[in-house]
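Here the protein sequences come in this chain order: A and B.
Heads up, the first sequence stops at 211 in our numbering, and the numbers go up one at a time, no gaps.
Heads up, the second sequence stops at 866 in our numbering, and the numbers go up one at a time, no gaps.
One thing to keep in mind: the hints can contain errors.
[To be verified] Under 10 Å between C-beta atoms, here's a sample of chain B residues computed to sit facing chain A:
| # | residue |
| --- | --- |
| 1 | Ile229 |
| 2 | Leu230 |
| 3 | Gly232 |
| 4 | Lys235 |
| 5 | Pro236 |
| 6 | Pro469 |
| 7 | Asp472 |
| 8 | Leu518 |
| 9 | Phe523 |
| 10 | His554 |
[Unchecked claim] If you anchor each label on the Cβ, the simulated ranges turn out as follows:
| # | chain 1 | residue 1 | chain 2 | residue 2 | range |
| --- | --- | --- | --- | --- | --- |
| 11 | B | Asp701 | A | Val97 | 49 to 57 Å |
| 12 | B | Glu515 | A | Val97 | 20 to 28 Å |
| 13 | A | Val209 | B | Ile656 | 48 to 56 Å |
| 14 | B | Ile656 | A | Arg211 | 33 to 41 Å |
| 15 | B | Asp287 | A | Val103 | 32 to 40 Å |
Worth flagging that the hints you see were computed from the coordinates, not collected in a lab.
Positions of the beta carbon are idealized from the N, C-alpha and C atoms, including for glycine.
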Amino acid sequence: MSAEQMRLRITFSKTAAMRYTGHLDLHRAWERAFRRSRLPLAYSQGFHPQPRLNLAAALPLGFTSDCELLDAWLETVQPVEQVLQALTLALPPGMVVRSLEQVDLRLPALQTQTQSAEYEVTLLDPLPGLAQRLEALLAQSTLPRHRRDRDYDLRPLIEEIVLLAEDGPGPHLRMRLSVREGATGRPEEVVDVLGASPTSARVRRTRIVLR
Amino acid sequence: MTLPVLSPSEIELRLERILPGVQKPGRYTGGELNQVVKDWQAIETHLALIFPDLYDIGMSNLGLAILYESLNQRPDALAERAYLPWTDMEAAMRQAGIPLYSLETHHSLADFDILGFTLPYETLYTNALNTLDLAGIPLFAEQRSNAHPLVIAGGHTTFNPEPMHAFMDAFVIGEGEEVIHEIVDAYQAWKRSQAERPALLRRLAQIPGVYVPSLYQPHYLESGQIARIQPLADAAPLPVRKRIVAKLPPPPTHFIVPYIDTVHNRVPVEITRGCTRGCRFCHAGMISRPVRERSVEQIVHAIEDSLEHTGFEEVGLLSLSSSDYTHILELVQAVSARFAGKHLGISLPSLRIDTFSVDLMDALRGARHGGFTLAPEAATERMRQIINKPVSTQALLETAAEVYRRGYTTLKLYFMIGHPSETLEDVQAIVDLCKAVLAEGRKVIGRRARLNAGVSTFIPKPHTPFQWVPCDTVEQITAKQTLLKHSLRDRDIKLSWTTPAETMLEAWLSRGDRRLSQVIYRAWQKGARFDAWQELFRYSAWLEAFAEAGLEPDFYTHRPRPLDEIFPWEHISSGVRKKYLLEEYRRSLAGETRPDCRESCFACGILPAFADLRRENPGEAWKCPEVKSPAPRSNDFSRYTVTGETQLDAQGSSK
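Here chain A stands alone, though its shape is the one from the complex (with noise of 0.2 Å):
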């Protein structure tokens, strides 16, 4: 059965419009998006059949992307024109599709796939010796942390930090952070590190790099 299924996989925006939608919240914006495309998504077997829609990586609330992605399982083949217009048709304002492609049902999943994350981030404040502090910054060896009643060392999933701009209207910095499971750097973590307020920081994810 699952042979004659199509496996499509999405990258899309996530714009301001929906930057405060969580990860399950989203989840749920796209099974209606494909509601409401009449395009026949694939649901799970059993007792409660769930949508088989897949998510690379959670994306933090708050933060914008151009690169998210998503795989979705239709009952049949479609050819893929047709679900993009379909598609594109019935998404909400805060979603756009950056491309669509078939891709092989064996594939494994987009979880086990992903390695790092690429953000662009602008500090709405200025933040004054912010190229000496992030100099010390990548200096450290280890830089450990606290989250959500757990002790972490940030250092070893920062990959890279580039400062863009220090001046102008708001600091701008570009990070690639690890995104395995079990090892996912946040962004607002190295924005607390720098010494700025964390919910001052804008923060757009503009690549997911996978294996």
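Position chain B relative to chain A; hints supplied.
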């Protein structure tokens, strides 16, 4: 406190700073699918529709959804939404100087022409005050001028509008679908006339179903009871009779799809309005007469249309008594045939206690299903006769067994305690009945059987046959609840109840007179808000407010009313005659039940009150008998205008 009126872009700029730091910021942004955004400058009249509680609650309110869709179809008006922020957001907004704003265009509420509150339950009252305060609008109607929006309220509580009279310019009594447009028309005509605010209020008072409290004056006896209610202007009708729509209009289908989870995150479709059962405690059943039904075709079409526009995965088929819908079996069959295999959940609440209900639910049960709920309300024959809900214990046990047999592991039963005629034996019977029901479940599915017993406390609501009876005292309620808690100890039974304090507050506010407005105001000043939320409910603030206002809470709740008492809500008519309510009260004292009025008409008063509408809409649409008599020549059956100073008659309605 007066806040400066900020422009939408200034509000957005400030929001940008505070939203990342509050809980669930998705409540405060708007921008969802199907919201309607119109060109503010190009539209003549701007309405804000307000549910004064969290977005999560208010988004599920069907009444506002109906008005939103209907108003936004007018080219000359726009309707936007506003909800009350949670305490963290309120603090952040006050600190940042952000006024309460609409979700669609982020305009301050003070920028709107009309603010329309829905007040479906009394524990929203302090929230309504807080809404106005957060918008920088004077709380008291008499302090508002032409510079302020017109502030109106509708919803079930407005059948006793008096406790909120000081804060609202006008109330809508009854159904809002038609009257809201008449209000907008009157507002526009007034605005063009460039007259002062009192002229607007007089215009509004001319609209059937609109109550303008400032045009009436109650006089009190020394005892605190009402002596009479005096209209102060020719424009003030007496009584103010509720509005109904003769025919249920096509249901709304373009529901806004929230980006975050809400309490009823689904398509609501009203299948019928009103109820013929005549349960004597039921406010909704008395005030929402007559029963009007939608056709199966219209309902199925509305579901299809709504799903296409929203993508919701659940539909709620709403009514006060689903089993009584004439075409319920046909509807259930049509819905299950039409939506089979679509992974659509369908809920059908308010089912009668019989095995037919289990068949109905079974036919609807798709892939997603919840529990099964029944409302026997009372557990002894005696109490059932008093409240006029004649359900037999045997029928309940048979139904319960059938529910468990069909694969439901949890049955939820609703009961009510606190009627003055109720004894501890009647309460013990609830315990015994719950145990017997669970035993039925265990017979069928063994240890997997669960029972949830929700036991609420009776409040004698205005416009019901029990409006003359007192509430149980806190001590009586506590004794009854203690009995339940001690005797219903079973790991498979989950008992829930309302605290006596919550019950008292709801009782005071629903039975109160105009003097309660001072209590509400003072309680709000002391920080009372979100009274419906247990974690924020502050009983002590209310008791202090009563003391400061020099009022005795027990006067409102623990005093049996003499049969000739003039109630604070006497000048508001639900269409049901006071004489009929009294007759029902007397029958309850005698333990006599009243059959379902679909069988035969018992002349509750609805038909004469709305004879014209029934005459124009014969046949199936109403469950009342047809009106054959010719229309009266005066042609004004639906209004009853009294000029000058008039003592209300004891019937409270036209004779």
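Against the structure, the hints come out as follows:
1. Ile229: At about 8 Å, which falls below the 10 Å cut-off, the nearest Cβ of chain A leaves the hint on B/Ile229 intact, so it holds.
2. Leu230: holds, 7 Å
3. Gly232: Hint holds; B/Gly232 Cβ to chain A Cβ min 5 Å, cut 10 Å.
4. Lys235: With Cβ-Cβ at 8 Å, under 10 Å, it holds.
5. Pro236: With a closest approach of 4 Å, the B/Pro236 hint holds.
6. Pro469: holds, 8 Å
7. Asp472: With a closest approach of 6 Å, the B/Asp472 hint holds.
8. Leu518: Nearest chain A Cβ about 7 Å off; hint holds.
9. Phe523: The hint holds - B/Phe523 has a Cβ within 10 Å of chain A, the shortest such distance being about 7 Å.
10. His554: With a closest approach of 6 Å, the B/His554 hint holds.
11. B/Asp701 <-> A/Val97: 49 to 57 Å: With Cβ atoms ~53 Å apart, the hint holds.
12. B/Glu515 <-> A/Val97: 20 to 28 Å: holds, 26 Å
13. A/Val209 <-> B/Ile656: 48 to 56 Å: For A/Val209 and B/Ile656 the Cβ distance comes to about 51 Å; the hint holds.
14. B/Ile656 <-> A/Arg211: 33 to 41 Å: The hinted range 33 to 41 Å is violated for B/Ile656 and A/Arg211, with Cβ atoms some 47 Å apart.
15. B/Asp287 <-> A/Val103: 32 to 40 Å: Given range 32 to 40 Å: violated, Cβ gap about 51 Å.
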